[in-house]
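Sequences listed follow chains A and B, in order. Once you know that position 197 of the first sequence is 197 in full-length UniProt numbering, the rest is easy, because the numbers rise by one and skip nothing. Once you know that position 92 of the second sequence is 92 in full-length UniProt numbering, the rest is easy, because the numbers rise by one and skip nothing.
Hints listed in this document are in silico derivations from the structure and should not be mistaken for laboratory results. Predicted, not measured: the structure shown is a model, and the values here were computed from it. Where is the CB? At the ideal position from N, CA and C, for every residue including glycine. Treat the hints with care, as some may be off.
[Unchecked claim] The calculated label-pair distances, taken between Cβ atoms and stated as ranges, are:
id : chain 1 : residue 1 : chain 2 : residue 2 : range
1  : A       : Lys552    : B       : Gln119    : 20 to 30 angstroms
2  : A       : Asp561    : B       : His186    : 53 to 63 angstroms
3  : A       : Thr98     : B       : Ala132    : 46 to 56 angstroms
4  : A       : Asn528    : B       : Asp124    : 24 to 34 angstroms
5  : B       : Glu180    : A       : Lys449    : 54 to 64 angstroms
[Stated by the list, open to error] Straight-line Cα separation of at most 27 angstroms, BS3-like style, residue types lysine-lysine; simulated pairs:
id : chain 1 : residue 1 : chain 2 : residue 2
6  : B       : Lys187    : A       : Lys501
7  : A       : Lys67     : A       : Lys123
8  : B       : Lys187    : A       : Lys153
9  : B       : Lys187    : A       : Lys556
10 : B       : Lys187    : A       : Lys532
11 : B       : Lys177    : A       : Lys476
12 : A       : Lys501    : B       : Lys177
13 : A       : Lys485    : B       : Lys177
14 : B       : Lys115    : A       : Lys153
15 : A       : Lys560    : A       : Lys497
16 : A       : Lys497    : B       : Lys42
17 : B       : Lys181    : A       : Lys552
18 : A       : Lys540    : A       : Lys525
19 : A       : Lys299    : A       : Lys485
20 : A       : Lys485    : B       : Lys187
21 : A       : Lys299    : A       : Lys532
22 : A       : Lys483    : B       : Lys181
23 : A       : Lys525    : B       : Lys187
24 : B       : Lys181    : A       : Lys560
25 : B       : Lys40     : A       : Lys497
26 : A       : Lys501    : A       : Lys560
27 : A       : Lys451    : A       : Lys380
28 : A       : Lys483    : B       : Lys128
29 : A       : Lys556    : B       : Lys177
30 : A       : Lys153    : A       : Lys525
31 : A       : Lys153    : A       : Lys414
32 : A       : Lys186    : A       : Lys451
33 : A       : Lys153    : A       : Lys340
34 : A       : Lys453    : A       : Lys123
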Amino acid sequence: MQRCGYVHLWLLGSVLLICLISGVTRVNGDVALTHQESRLNPSKSNLNQTEHGHGSVITGIPIVTFKWHHVETPYLVALWILVAGLGKLVIEANHHVTSVIPESALLICFGFILGGIIWGADKVQTFKLTPTVFFFYLLPQIILDAGYSMPNKLFFSNMGAILIYAVIGTCWNAASLGLSLWGCHKGGAMGDLDLGLLQYLLFGSLMAAVDPVAVIAVFEQVHVNEVLFIMVFGESLLNDGVTVVLFNVFDAFVSLGGDKIDAVEIIKGIISFFVVAFGGSLVGFVFGLLISLLTRCTKNIQIIEPGFVFVLGYLAYLTAEMLSLSAILSIVFCGMCCQKYINSNMDERSVTTVRYVMKVLANGSETIIFVFLGISAIDKEIWVWNTGFILLTLLFVLVYRFIGVFFLTWILNKFRLVPVELIDQVIMSYGGLRGAVAYGLAVMLDENKIKEKNLMVSTTLIVVYFTVILQGITMKPLVNWLKVKRAAVGELTLIEKVQDKVFDHMLVAIEDISGQIGHNYMRDKWNNFEEKWMTCILMKPSARKNRDYVFKVFHKLNLKDAMRYVTEGERRGSLEFVRNETAFIDFKKKFDDDFSEVMPDIMADTSDDYNPVPSVSLEMHEQTMNGMRPLEDVNSHHLLQQHLYKGRKQHRHRYSRSHFDVNKDENEVQEIFQRTMRTRLESFKSGKMGVAPLKHITKHLKKDQQQKVRASEFILLDNLHYNNNIRASASSFPMRVTYRAGAGIENPAFMPDLDPMAQVQIPPWLAEAEVDSSMVAPSQRAQLRLPWTPSNLRRLAPLRISAHSTDSFMLADAPAAQQRDNDQLPPPPPPPAPPHGDHM
Amino acid sequence: MGSSNSSVNNIPNAQELMQETGFSAAHILRLHERFEFLDKHKCGQLRPQDFGAVQELALNPIGDSIISAFFSPGQETVDFASFVRILAHFRPTDRNQSRDGAQQEPANSSIRKLKFAFQMYDQDRDGKISRAELLQVLRAMLGIQVTEEQLQSIAERAIQEADLDRDDAISFDEFRKSLEKVDIDHKMSIRFLR
Numbered sequence: 001m002q003r004c005g006y007v008h009l010w011l012l013g014s015v016l017l018i019c020l021i022s023g024v025t026r027v028n029g030d031v032a033l034t035h036q037e038s039r040l041n042p043s044k045s046n047l048n049q050t051e052h053g054h055g056s057v058i059t060g061i062p063i064v065t066f067k068w069h070h071v072e073t074p075y076l077v078a079l080w081i082l083v084a085g086l087g088k089l090v091i092e093a094n095h096h097v098t099s100v101i102p103e104s105a106l107l108i109c110f111g112f113i114l115g116g117i118i119w120g121a122d123k124v125q126t127f128k129l130t131p132t133v134f135f136f137y138l139l140p141q142i143i144l145d146a147g148y149s150m151p152n153k154l155f156f157s158n159m160g161a162i163l164i165y166a167v168i169g170t171c172w173n174a175a176s177l178g179l180s181l182w183g184c185h186k187g188g189a190m191g192d193l194d195l196g197l198l199q200y201l202l203f204g205s206l207m208a209a210v211d212p213v214a215v216i217a218v219f220e221q222v223h224v225n226e227v228l229f230i231m232v233f234g235e236s237l238l239n240d241g242v243t244v245v246l247f248n249v250f251d252a253f254v255s256l257g258g259d260k261i262d263a264v265e266i267i268k269g270i271i272s273f274f275v276v277a278f279g280g281s282l283v284g285f286v287f288g289l290l291i292s293l294l295t296r297c298t299k300n301i302q303i304i305e306p307g308f309v310f311v312l313g314y315l316a317y318l319t320a321e322m323l324s325l326s327a328i329l330s331i332v333f334c335g336m337c338c339q340k341y342i343n344s345n346m347d348e349r350s351v352t353t354v355r356y357v358m359k360v361l362a363n364g365s366e367t368i369i370f371v372f373l374g375i376s377a378i379d380k381e382i383w384v385w386n387t388g389f390i391l392l393t394l395l396f397v398l399v400y401r402f403i404g405v406f407f408l409t410w411i412l413n414k415f416r417l418v419p420v421e422l423i424d425q426v427i428m429s430y431g432g433l434r435g436a437v438a439y440g441l442a443v444m445l446d447e448n449k450i451k452e453k454n455l456m457v458s459t460t461l462i463v464v465y466f467t468v469i470l471q472g473i474t475m476k477p478l479v480n481w482l483k484v485k486r487a488a489v490g491e492l493t494l495i496e497k498v499q500d501k502v503f504d505h506m507l508v509a510i511e512d513i514s515g516q517i518g519h520n521y522m523r524d525k526w527n528n529f530e531e532k533w534m535t536c537i538l539m540k541p542s543a544r545k546n547r548d549y550v551f552k553v554f555h556k557l558n559l560k561d562a563m564r565y566v567t568e569g570e571r572r573g574s575l576e577f578v579r580n581e582t583a584f585i586d587f588k589k590k591f592d593d594d595f596s597e598v599m600p601d602i603m604a605d606t607s608d609d610y611n612p613v614p615s616v617s618l619e620m621h622e623q624t625m626n627g628m629r630p631l632e633d634v635n636s637h638h639l640l641q642q643h644l645y646k647g648r649k650q651h652r653h654r655y656s657r658s659h660f661d662v663n664k665d666e667n668e669v670q671e672i673f674q675r676t677m678r679t680r681l682e683s684f685k686s687g688k689m690g691v692a693p694l695k696h697i698t699k700h701l702k703k704d705q706q707q708k709v710r711a712s713e714f715i716l717l718d719n720l721h722y723n724n725n726i727r728a729s730a731s732s733f734p735m736r737v738t739y740r741a742g743a744g745i746e747n748p749a750f751m752p753d754l755d756p757m758a759q760v761q762i763p764p765w766l767a768e769a770e771v772d773s774s775m776v777a778p779s780q781r782a783q784l785r786l787p788w789t790p791s792n793l794r795r796l797a798p799l800r801i802s803a804h805s806t807d808s809f810m811l812a813d814a815p816a817a818q819q820r821d822n823d824q825l826p827p828p829p830p831p832p833a834p835p836h837g838d839h840m
Numbered sequence: 001m002g003s004s005n006s007s008v009n010n011i012p013n014a015q016e017l018m019q020e021t022g023f024s025a026a027h028i029l030r031l032h033e034r035f036e037f038l039d040k041h042k043c044g045q046l047r048p049q050d051f052g053a054v055q056e057l058a059l060n061p062i063g064d065s066i067i068s069a070f071f072s073p074g075q076e077t078v079d080f081a082s083f084v085r086i087l088a089h090f091r092p093t094d095r096n097q098s099r100d101g102a103q104q105e106p107a108n109s110s111i112r113k114l115k116f117a118f119q120m121y122d123q124d125r126d127g128k129i130s131r132a133e134l135l136q137v138l139r140a141m142l143g144i145q146v147t148e149e150q151l152q153s154i155a156e157r158a159i160q161e162a163d164l165d166r167d168d169a170i171s172f173d174e175f176r177k178s179l180e181k182v183d184i185d186h187k188m189s190i191r192f193l194r
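Produce the complete structure using the sequences and hints provided.
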């Protein structure tokens with residue numbers, strides 16, 4: 001209920017915002033969203049501006065002036081983006097709704113509402129989706145993102161099928177729709193319309209293409225198996241070449257007039273298809289290579305290297321458009337061909353940036369597209385109703401899609417290794433969604449040549465709504481009902497990846513042995529070629545080193561573990577030991593040996609709250625959020641407040657436009673060093689003079705330390721009991737930090753010359769003696785129990801086995817003893833370690 | 001069709017082979033041609049060196065393991081029937097063929113495919129992939145860019161992932177479990193053998 005309240009609030013807020021906008025625009029008259037259009041009539045706004053200027057001259061220096069026209073266009077653009085974003089936010093906040101109705105449909109409905117409001121305010125539709133905005137500012141980033149995150153191997157191994165669907169399927173859709181409508185027209189099904197065969201074919205060609213934006217939006221939410229997805233998705237991307245050609249050819253034919261078309265023109269049309277499609281792909285390929293080459297040498301300008309990807313991608317799109325080639329194909333191939341190289345050439349952070357910005361842009365413009373598709377509908381001018389035409393179009397679009405897919409799949413299945421199943425065919429046919437591309441093309445029609453343009457536009461809109469909303473909503477139930485094979489979501493495992501490689505090599509070898517030139521043979525050849533030439537030229541030498549696939553997976557897995565490790569470590573204390581030279585070496589050596597014992601435990605223990613999200617970075621946040629549990633929260637906050645270097649956090653990210661690195665200031669190192677020395681000096685002094693050291697050491701512990709120490713002592717003991725309980729139930733992480741307040745100062749990280757192992761090996765009796773004599777002991781003990789030092793890491797395993805024993809720390813200390821431990825279980829749990837008893 | 005049938009008849013046990021492996025006569029014929037091409041000494045038997053004559057195979061990182069998979073333990077040569085039987089593992093699985101319970105699983109069933117893949121690692125045929133065996137395959141595949149230490153840890157990790165009974169080796173069951181999500185039929189099939 002509360003959530004609903006929020007939703008209403010949001011809705012109200014955005015409605016208010018719209019009212020504001022529409023109110024303002026009403027004052028202004030007609031404003032279009034386009035930059036172009038407002039640039040076309042600058043005279044008006046200039047006029048207003050000069051008026052303003054005059055006013056100010058007369059009254060003296062104005063303190064505040066209201067200059068709406070000055071900022072109008074960018075302001076409106078920004079507002080619309082905001083509104084669309086807020087709309088998405090509201091929609092996504094209602095999970096129970098989005099699980100039934102796909103987001104794209106809801107966005108269109110949101111657009112209806114907005115459109116209604118604007119219409120109510122202005123009595124005319126001031127905002128609509130213009131082809132310029134759509135094709136130049138909204139579409140490119142979506143397609144670039146699609147290309148950049150395209151699973152290349154999957155795409156190319158299904159390339160044949162995708163091409164057949166995209167080329168033949170689209171032609172079939174266009175021709176059958178155009179001809180059938182024409183036939184129905186001749187039969188008198190739609191009354192009196194001023195349309196000829198060519199116009200029908202033109203209409204068919206603009207309706208033929210499956211829309212990439214709609215397909216991504218709908219299929220993203222139903223997780224069908226990857227082959228099915230790549231078929232629909234690949235088709236929607238590649239059919240652009242066909243659509244462009246068909247549309248241009250028929251557009252030209254319509255202007256030429258029926259009687260001037262001869263065989264030469266038709267042949268020209270066919271040739272132009274190849275030129276447009278292959279030329280577009282080639283342009284994209286060239287730009288992809290350019291990006292790869294460029295990112296090779298951006299080492300010194302890392303902060304702007306992500307920019308190159310976007311700018312060059314966009315240029316690829318525009319260049320193809322300029323040469324009247326297929327722009328979509330161009331940008332798709334650009335993204336596909338540079339992804340591998342830029343990912344390894346660029347810094348890891350830049351790659352993350354590219355990935356995220358790409359998603360932000362793509363998602364944003366997708367949202368805007370759907371919202372504006374909705375808004376565009378609320379316009380009296382475009383609506384021309386012709387029941388026969390509209391309903392027949394809907395019917396034919398659906399029916400011919402089914403026929404086309406089934407027929408083509410039937411042929412393809414004769415050649416495919418893994419035939420496309422009947423259920424998949426149904427989903428493929430049903431997933432033939434039409435979207436904004438068709439609408440954009442329809443709006444681009446010339447009203448002078450085609451009298452019934454508005455009918456076509458409104459029919460296109462109806463088809464778009466029908467496919468996106470109705471088919472979108474029913475897609476999920478249909479997929480469930482037909483039990484379509486879903487995408488296997490699973491964690492990345494090394495063995496699977498290794499096996500994948502082995503399979504690849506094996507298939508090639510078998511093809512070689514049986515003397516056939518098949519798919520795998522070709523792929524192997526291409527890989528070899530790429531290895532030999534492309535990577536040499538396009539990849540940084542340093543990146544070339546670790547581009548091995550299996551190794552990369554291994555690296556990724558390790559990164560994930562490391563992140564988990566850091567989170568865990570931070571929960572318990574700090575990971576400062578990494579800075580300690582000796583400890584680090586120790587870490588490297590020990591980690592290899594004891595990896596096997598430790599890892600399964602860690603993994604087993606964290607697996608319950610571990611949520612497999614594909615994106616690493618997202619996970620980081622989630623992990624940090626999950627990792628903080630209430631109890632540790634209190635402890636660590638307490639700890640942090642007392643012992644954090646105050647200055648460090650502020651220093652961490654200094655403002656710099658070109659560098660983004662963590663502060664590795666000389667001063668800081670100096671400070672740490674000095675502080676450490678002071679501490680040690682003081683503790684030495686106090687040890688000598690018999691003064692309680694804590695008073696001197698922790699200046700920032702302002703009042704009654706003694707009491708605090710006692711209090712923390714209790715926390716510690718509490719913790720211990722808690723841990724034992726937890727361990728007994730064996731459901732928690734093996735290691736708990738029983739970190740002492742007041743002990744962190746003696747953190748070995750700040751004593752680089754002391755070997756932690758040597759410290760740890762202070763015999764228990766000695767430690768005990770020290771406890772008796774002075775108050776220095778707590779720190780020593782804390783070191784004994786500083787769990788996340790590397791030497792302790794290997795103690796995880798014995799600790800697991802002896803669920804209750806705190807003693808296993810000590811047992812594990814001596815390396816020799818540890819080896820024995822591996823063979824036999826450690827002794828049964830003794831009473832709590834001596835140091836504690838003494839404080840009780 | 002008649003001519004191909006007649007030449008199939010020249011191949012010993014052709015009919016039985018076809019029945020056992022599910023290859024068509026054309027397949028058998030084609031494979032026989034290839035077999036004879038590889039069989040330089042015309043003795044009806046292939047030796048490891050004969051496989052070595054295939055150029056591309058020499059470039060294949062795990063070529064040796066694959067070659068040795070053709071030879072059952074202790075044997076130096078492979079005859080045509082075994083050659084075909086091995087290749088039958090790579091025939092796509094027939095989906096709608098009903099299997100008799102009593103009959104042995106055909107070579108192109110996913111379990112047999114997996115078994116074959118398993119034997120690629122398990123060179124000593126003790127039913128377990130030991131760390132050394134895994135390391136050997138990894139070393140072949142990963143090349144020189146990866147250091148020996150990294151190789152060790154990769155092998156270590158791979159074994160941990162699959163190793164359920166903590167015996168520091170991967171048994172066939174563990175192997176199968178770890179590859180549960182992989183579409184074996186898809187990954188271990190070659191189109192032209194269909």
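Structure-based check of all given hints:
no., hint, result
1, A:Lys552 x B:Gln119: 20 to 30 angstroms, "27 angstroms, holds"
2, A:Asp561 x B:His186: 53 to 63 angstroms, "30 angstroms, violated"
3, A:Thr98 x B:Ala132: 46 to 56 angstroms, "52 angstroms, holds"
4, A:Asn528 x B:Asp124: 24 to 34 angstroms, "31 angstroms, holds"
5, B:Glu180 x A:Lys449: 54 to 64 angstroms, "60 angstroms, holds"
6, B:Lys187 x A:Lys501, "10 angstroms, holds"
7, A:Lys67 x A:Lys123, "25 angstroms, holds"
8, B:Lys187 x A:Lys153, "13 angstroms, holds"
9, B:Lys187 x A:Lys556, "24 angstroms, holds"
10, B:Lys187 x A:Lys532, "26 angstroms, holds"
11, B:Lys177 x A:Lys476, "30 angstroms, violated"
12, A:Lys501 x B:Lys177, "18 angstroms, holds"
13, A:Lys485 x B:Lys177, "20 angstroms, holds"
14, B:Lys115 x A:Lys153, "26 angstroms, holds"
15, A:Lys560 x A:Lys497, "16 angstroms, holds"
16, A:Lys497 x B:Lys42, "40 angstroms, violated"
17, B:Lys181 x A:Lys552, "21 angstroms, holds"
18, A:Lys540 x A:Lys525, "23 angstroms, holds"
19, A:Lys299 x A:Lys485, "44 angstroms, violated"
20, A:Lys485 x B:Lys187, "17 angstroms, holds"
21, A:Lys299 x A:Lys532, "24 angstroms, holds"
22, A:Lys483 x B:Lys181, "17 angstroms, holds"
23, A:Lys525 x B:Lys187, "19 angstroms, holds"
24, B:Lys181 x A:Lys560, "21 angstroms, holds"
25, B:Lys40 x A:Lys497, "37 angstroms, violated"
26, A:Lys501 x A:Lys560, "22 angstroms, holds"
27, A:Lys451 x A:Lys380, "17 angstroms, holds"
28, A:Lys483 x B:Lys128, "37 angstroms, violated"
29, A:Lys556 x B:Lys177, "22 angstroms, holds"
30, A:Lys153 x A:Lys525, "14 angstroms, holds"
31, A:Lys153 x A:Lys414, "22 angstroms, holds"
32, A:Lys186 x A:Lys451, "18 angstroms, holds"
33, A:Lys153 x A:Lys340, "12 angstroms, holds"
34, A:Lys453 x A:Lys123, "22 angstroms, holds"
Violated hints, listed in ascending order, are 2, 11, 16, 19, 25 and 28; each of the other numbered hints is respected by the structure.
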